[in-house]
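A.B. asks: Based on the provided sequences and hints, a complete structural model is requested.
Chains as they are written, first to last, in our numbering: chain A, 1 to 225; chain B, 1001 to 1225.
Treat the hints as calculated values from the structure; they're not laboratory data.
Values in this document were obtained by computation on a predicted structure and should not be read as measured data.
Note that CB positions come from ideal geometry on N, CA and C, so glycine has one too.
It is possible that part of the hints are untrue.
Just so you have them, the derived chain B footprint on chain A, three or more residues with Cβ under 8 Å [what the hints assert, rightly or not]:
(1) 14 to 24
(2) 74 to 82
(3) 101 to 110
(4) 133 to 145
With the Cβ distance kept under 10 Å, some of the chain B side facing chain A (calculated, not the full set) [to be verified]:
(5) L1018
(6) R1082
(7) V1099
(8) F1104
(9) G1120
(10) I1121
(11) D1180
(12) V1183
(13) D1196
These are the residues of each chain, in order.
Number of protein chains: 2
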Amino acid sequence: MEEKEISQAVIGRLPRYLRYLGELKDEGIERVSSQELSDIMQTTASQIRQDLNTFGGFGQQGYGYNVGYLYDEIRKILGLDREHRLIIVGAGHLGQALVNYTNFERRGFIFRGIFDCDPGICEKTIRGIEVRPMEQMADFIRENDIDIAVLAIPKNSAVEVAKKLADCGIKGIWNFAHVDLPVPEHIQVENVHLSDSLMKLSYNISSSQEESRTSGKVDGNGQNR
Amino acid sequence: MEEKEISQAVIGRLPRYLRYLGELKDEGIERVSSQELSDIMQTTASQIRQDLNTFGGFGQQGYGYNVGYLYDEIRKILGLDREHRLIIVGAGHLGQALVNYTNFERRGFIFRGIFDCDPGICEKTIRGIEVRPMEQMADFIRENDIDIAVLAIPKNSAVEVAKKLADCGIKGIWNFAHVDLPVPEHIQVENVHLSDSLMKLSYNISSSQEESRTSGKVDGNGQNR
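C.D. replies: Structural data, given as structure tokens:
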């Protein structure tokens, strides 16, 4: 399977396919056409065919897609057919929220360790996992074959921690700190910049109001179109 | 200024420009060329010029960009020159983490109310904000001129709450529930699907390992390239 040169936009859409296929599977539906899938997902059938063809295509002319097979194949493409071992750095509110979110575990992302620089929070446990001091992080990663580190710390300390993580042979960083991390290219970084997302929402609200003002299509309370 | 037809990809990059320009401003730097900016941001100068030209261009040949002016203009484009009033639905771990994240406030996003369906948590306060029962949500939105609702609730209840929010005249929903919300088009939805982001990271880890296996460029511990 040619997996190189596949755009991040296509990759970004795969989890959504997985979600909808999982729902179809749960409903006991065995096959689906790209047209049916596009109706449910509110996208175009050609987009679906194009995206899935990137990975070799899984459909059959006149039959459509086998739901269970396609679901399993997308899981494999996303690397969800194996377990990922995670640590989280930062046991503040966000860190705690992430550890407590059990859906990640269902997908094979298992939190193994929690680290924090605040001695006051160390030795506490979150969902049964002990919070350890930062000094133990490097050894813990090596000894427990950790592949993903989650950064739920302020931007000031994130760059330094990322460098340490790179030295420990971590494979991926899920970064919630509001900063770009300077790590070697073989380490994968996925940013969740919450402020950026909120600003994008702010833009879309402003621009849709601007549009409705100029077009006069929406009335004062914005309820009808 | 022509703001229509601007791709979400460009919009998505604006907060990052704002972040870097803010840092330059803090350092007392008054002007920057697209080349200098591209070096700091690890992107191309032509990408920067193209993105900013979308909004009419703010640079001058031979001078570059005035940092303070460009910063202010991007703030305006993003709708950050006015205050946004938010409520959050769901006072669980994630909801609490978001309310406690003070950076949003610095950008003009002010949490005014918190709502939860669990009577056990109602009347508690988070950062001085009282948690109210869901029944009070609609009136609260209208009386306090709330424009953004943050959904930090499970997917099962999110669709129903989104419909209620639409009826109250909310302008935008910042959705953390792992489901697509069926709301009218004039309501802006920005999704933060955390699981999807983690799956994308998983894909990139798998595919980079696959690549290094086939190319043989990376050795066993993944440290050199």
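A.B. asks: Which earlier hints can't be squared with this structure?
C.D. replies: 4, 9, 10 and 12
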